[in-house]
Amino acid sequence: MGIGLEHFLVVSGLLFALGIFGIITRKNAIMVLMGLELILNSANLNFIAFARYGGLNIEGHIAAIFVIILAAAEVAVALAIVLNIYQNYKHVNVDEINKLKE
Amino acid sequence: MGLFELAFYSFAAIILISALGVVVSRKMMYSAFSLLFTFFGVAGMYVLLNADFIAVTQLMVYVGGILVLIIFGVMLTQKITGVDIKEGSVGKLSFAVGGILSAFIAVFFTVMYMNVDWLLKDAPITDSTITQIGNSLLTEYLLAFEVAAVLLLVAFIGAALIARRESN
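From first to last, the protein sequence lines stand for chains A and X.
Sequential numbering of the first sequence, starting at 1, is according to the numbering used here.
Sequential numbering of the second sequence, starting at 1, is according to the numbering used here.
Bound-form chain A, shown alone:
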């Protein structure tokens, strides 16, 4: 049986579900970030799969590039914030962090 669009989409859907599971069940902020990266990767996989099976449409590739750019910016800012939180709280558990300012 040949590999079609559905195969790639199912892989990306399962990756998305795993990312959601990681985000919900982890307390550590960095683990939440890793789950977020899984979700962004699954979205990108969808973009590229649709681009390929829509006649190698290059606009899907452009969207994927912008998603990658935003992921890089997001993870840099998020890790800086996490480091600051760690300095103040000595832990990075997202469900115990409830102050914006001391």
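Everything labelled a hint here was simulated from the structure, so no lab data went into it.
Each hint should be verified, as a subset may be incorrect.
Quick list of simulated restraints, FRET-style, between CB atoms [unchecked claim]:
#, chain 1, residue 1, chain 2, residue 2, range
1, X, 121, A, 87, 50 to 56 Å
2, A, 2, X, 124, 14 to 20 Å
3, X, 135, A, 101, 44 to 50 Å
4, X, 47, A, 54, 14 to 20 Å
5, A, 88, X, 115, 47 to 53 Å
6, A, 100, X, 7, 47 to 53 Å
7, X, 6, A, 100, 50 to 56 Å
8, A, 54, X, 103, 27 to 33 Å
Coverage of chain X stretches by chain A, computed from C-beta distances (three or more under 8 Å per stretch; other residues unrestricted) [stated by the list, open to error]:
#, stretch
9, 2-15
10, 115-128
In this text, all values refer to a predicted model and were calculated from it rather than measured experimentally.
C-beta atoms are modelled at their ideal positions from N, C-alpha and C, and glycine is treated no differently.
For this one, chain A is given, so just place chain X on it according to the hints.
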């Protein structure tokens, strides 16, 4: 089974097994290294989908940049005593909610993707997508491209500023 199928199923297995490793392993360093294999698997998928430029970008940005940042984050937020961070469970309730929600999402997506009658087009035979991507980025998407550049600059300056602020 042809070479394409073999490659697809190997990459799919790498992606799903290592993504499972990311979300279930108890030590954060193991999760970070599992994430490495997930990114490699996704890059392999991009190669299978004729997206050579995106595959290389994935390797350079995700593996070379984001993953290194995440590993730095893991190491910098460990306890000073050197105890490994082992995340305790978040409680039965949120574990159950997460499991049920993600199982529902997985089943929903699988059933939906299998049942939609997609409008497919044959891909033209091309050597590389880089020329098309470059033309498209510098004509139709020029504004978005420049805004993304400014966004990256602002984000990295801001990140450096936030991260080096002293706490006292």
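The hints, checked one at a time:
1. With their beta carbons about 53 Å apart, residue 121(X) and residue 87(A) fall inside the hinted range of 50 to 56 Å.
2. Checked against the given bound of 14 to 20 Å, the beta carbons of residue 2(A) and residue 124(X), roughly 19 Å apart, stay inside it.
3. Checked against the given bound of 44 to 50 Å, the beta carbons of residue 135(X) and residue 101(A), roughly 49 Å apart, stay inside it.
4. At roughly 18 Å, the beta-carbon separation of residue 47(X) and residue 54(A) lies within the given 14 to 20 Å, and the hint holds.
5. The hinted window of 47 to 53 Å between residue 88(A) and residue 115(X) holds, with their beta carbons roughly 50 Å apart.
6. A C-beta distance of roughly 49 Å is found between residue 100(A) and residue 7(X), which places it inside the suggested range of 47 to 53 Å.
7. As the Cβ distance of residue 6(X) to residue 100(A) is approximately 52 Å, the hint placing it in 50 to 56 Å holds.
8. Separated by about 30 Å at the C-beta atoms, residue 54(A) and residue 103(X) satisfy the suggested range of 27 to 33 Å.
9. Proximity of the stretch 2-15 of chain X to chain A, defined as three or more residues with a beta carbon under 8 Å from a beta carbon of that chain, is established by the 5 residues found.
10. A stretch counts as covered by a chain when three or more of its residues have a beta carbon under 8 Å from one of that chain; for the stretch 115-128 of chain X and chain A the count is 8, and the coverage holds.
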